[in-house]
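These protein sequences, in sequence, are chains A and B. Each residue of the first sequence is one higher than the last, beginning at 30 in my numbering. Each residue of the second sequence is one higher than the last, beginning at 27 in my numbering.
Source of the hints: derived by calculation from the structure; they are not laboratory data. None of these values were measured; they are calculated from a predicted model. All residues carry an ideal CB built from backbone N, CA and C; glycine is no exception.
One-sided excerpt, in silico: chain B residues whose CB lies under 7 Å from chain A:
| no. | residue |
| --- | --- |
| 1 | 210 |
| 2 | 216 |
| 3 | 218 |
| 4 | 223 |
| 5 | 231 |
Spelled out, the chains give:
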Amino acid sequence: MADIEIRNVYKIFGQDAKAALAMAKEGLNKSEILARSGCSVGLNNVSLTIGAGKIFVIMGLSGSGKSTLVRHINRLIEPTSGEVAFDGSNILDLDAKALRTFRMHRVSMVFQSFALMPHRTVLQNVVYGQRVRGLPKAEARDIGMKWIETVGLAGYDAKYPHQLSGGMKQRVGLARALAADTDVILMDEAFSALDPLIRADMQDQLLQLQQNLSKTIVFITHDLDEALRIGSEIAILKDGQVVQVGTPDDILERPANDYVARFVQRRQGRPEAHD
Amino acid sequence: MFPDSLNLSIRGPVNDFIQALVSGYGWVFKAISAVILKAVLYIEWILRGLPWWVVILIFMALAWQSSKRWGLTVVVGVLLFFVGVLGLWDLTMQTLALMLMATIVSVVIGVPMGIFVAKSRTVRSITLPVLDVMQTMPSFVYLIPALMLFGLGKVPAILATIIYAVPPLIRLTDLGIRQVDHEVVEAATAFGGSPNQILFGVELPLATPTIMAGLNQTIMMALSMVVVASMIGARGLGEQVLNGIQTLDVGKGLEAGIGIVILAIVLDRITQGFGKSRTEDPRNG
Numbered sequence: 030m031a032d033i034e035i036r037n038v039y040k041i042f043g044q045d046a047k048a049a050l051a052m053a054k055e056g057l058n059k060s061e062i063l064a065r066s067g068c069s070v071g072l073n074n075v076s077l078t079i080g081a082g083k084i085f086v087i088m089g090l091s092g093s094g095k096s097t098l099v100r101h102i103n104r105l106i107e108p109t110s111g112e113v114a115f116d117g118s119n120i121l122d123l124d125a126k127a128l129r130t131f132r133m134h135r136v137s138m139v140f141q142s143f144a145l146m147p148h149r150t151v152l153q154n155v156v157y158g159q160r161v162r163g164l165p166k167a168e169a170r171d172i173g174m175k176w177i178e179t180v181g182l183a184g185y186d187a188k189y190p191h192q193l194s195g196g197m198k199q200r201v202g203l204a205r206a207l208a209a210d211t212d213v214i215l216m217d218e219a220f221s222a223l224d225p226l227i228r229a230d231m232q233d234q235l236l237q238l239q240q241n242l243s244k245t246i247v248f249i250t251h252d253l254d255e256a257l258r259i260g261s262e263i264a265i266l267k268d269g270q271v272v273q274v275g276t277p278d279d280i281l282e283r284p285a286n287d288y289v290a291r292f293v294q295r296r297q298g299r300p301e302a303h304d
Numbered sequence: 027m028f029p030d031s032l033n034l035s036i037r038g039p040v041n042d043f044i045q046a047l048v049s050g051y052g053w054v055f056k057a058i059s060a061v062i063l064k065a066v067l068y069i070e071w072i073l074r075g076l077p078w079w080v081v082i083l084i085f086m087a088l089a090w091q092s093s094k095r096w097g098l099t100v101v102v103g104v105l106l107f108f109v110g111v112l113g114l115w116d117l118t119m120q121t122l123a124l125m126l127m128a129t130i131v132s133v134v135i136g137v138p139m140g141i142f143v144a145k146s147r148t149v150r151s152i153t154l155p156v157l158d159v160m161q162t163m164p165s166f167v168y169l170i171p172a173l174m175l176f177g178l179g180k181v182p183a184i185l186a187t188i189i190y191a192v193p194p195l196i197r198l199t200d201l202g203i204r205q206v207d208h209e210v211v212e213a214a215t216a217f218g219g220s221p222n223q224i225l226f227g228v229e230l231p232l233a234t235p236t237i238m239a240g241l242n243q244t245i246m247m248a249l250s251m252v253v254v255a256s257m258i259g260a261r262g263l264g265e266q267v268l269n270g271i272q273t274l275d276v277g278k279g280l281e282a283g284i285g286i287v288i289l290a291i292v293l294d295r296i297t298q299g300f301g302k303s304r305t306e307d308p309r310n311g
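Whole structure, please, built from the sequences with the hints as guidance.
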């Protein structure tokens with residue numbers, strides 16, 4: 030079980046990151062900083078506490094920094110300033126080797142466009158995390174087969190990714206993350222590329238898996254419906270800043286500002302239009 | 027007229043440098059020369075020692091392995107048989123040995139170099155202009171110093187061939203690795219893959235079709251150097267072409283020319299096949 034704590038994280042993209050960081054800390058906004066220093070602010074003083082064993086959703090429109098933020102949790106992206114603590118210890122202190130061990134055993138990830146290895150079979154893709162750790166083929170195979178079956182792809186283990194549909198590919202992506210047997214799974218717009226019906230199926234499956242396995246899942250989405258459906262806590266991001274953090278009820282009933290309120294209204298407007 | 031007072035010649039220093047190299051470090055080049063010569067003679071000994079039909083069968087097997095097409099396999103066999111009929115078998119094997127040697131050394135240099143270029147921006151910005159120079163510099167310019175350093179014969183011919191033929195392999199290895207889907211590499215990283223595991227398990231396998239295209243180009247360019255190489259004493263089909271031209275024996279030149287073309291077609295189709303067989307679906311999984 031892992032508590033993830035993100036403390037005052039800033040991420041600046043561009044040449045003159047130091048100057049831009051100082052401006053961000055003074056409270057200038059994204060467009061002012063871009064105009065003055067030529068740097069783009071990815072994350073602006075983000076602090077979040079993600080409790081263990083729940084689905085935590087980070088929601089925002091494109092460009093809000095949500096994919097950047099999730100990549101800080103396994104250090105695929107290094108922050109310009111700030112801390113990311115896992116069970117109280119700062120992962121930014123890890124050296125290259127310790128970081129690899131951390132990625133192998135603590136966090137796995139599911140990607141928006143699947144990111145499967147096209148030259149490996151479904152089974153080989155699923156056991157990638159285990160094989161990287163050095164687990165022998167036969168043992169990895171047992172683990173892999175179990176998860177392939179769990180996500181409903183029994184019989185497809187010897188197929189290649191290009192032989193599968195989008196929904197099946199993402200099941201492979203999910204099985205790969207589950208087979209790595211980590212306590213945290215990061216899901217970066219994992220269902221955004223799927224059509225609505227398959228998407229709803231996958232959401233159900235995720236909720237069920239979560240009930241059985243009680244992993245910590247950090248789920249990124251741009252869709253408020255999806256966020257409300259699966260999240261036990263939701264953080265809303267805009268221009269690299271956290272606008273509101275709360276349970277689905279909080280978001281729906283007590284929007285922190287106009288921005289969130291507009292999202293909620295848009296959502297409430299939609300079903301009525303159909304009635 | 028450009029003013030004479032601004033003339034600056036690098037002739038003297040370069041000549042002195044080569045002279046010093048020859049007199050001071052001749053033994054180094056002799057040693058390198060001996061190793062390369064030994065290797066190429068060994069390859070030649072095998073190729074010329076094998077019965078002709080065994081060589082043809084080996085090539086047909088390679089063609090089948092690379093393409094899984096009967097048509098191509100048969101064509102390869104027939105073309106090589108035709109080379110024998112033209113009476114060029116022995117010369118073709120000599121040229122082939124030279125090609126193989128140049129190609130092997132090119133791969134040993136080119137693929138690691140391409141990986142370096144793909145991984146480091148600095149290496150890249152230094153290497154790419156050097157490759158341009160290697161490809162555009164007239165080959166005689168480096169053929170002569172190669173001759174001075176390594177003596178007459180096969181070795182300078184192989185080295186000149188490598189200088190001319192290795193750039194496409196480096197370029198396409200670089201391209202192939204940089205073309206690998208960023209998200210796939212990111213996924214491998216996210217699951218804790220080490221740089222070596224990612225290079226050998228993900229990047230190189232996915233870059234293989236592009237690298238094979240580079241190898242194909244390297245072999246084709248090496249073949250185009252055959253006649254030039256024969257001018258400094260490399261024997262084989264090129265020598266025959268040169269011979270034919272010098273004695274105004276157009277028929278002889280054409281025969282040898284056909285031999286080179288056939289070798290090119292055979293090697294081209296086989297290497298192309300190896301490139302394609304892995305690309306069942308170039309789109310990302």
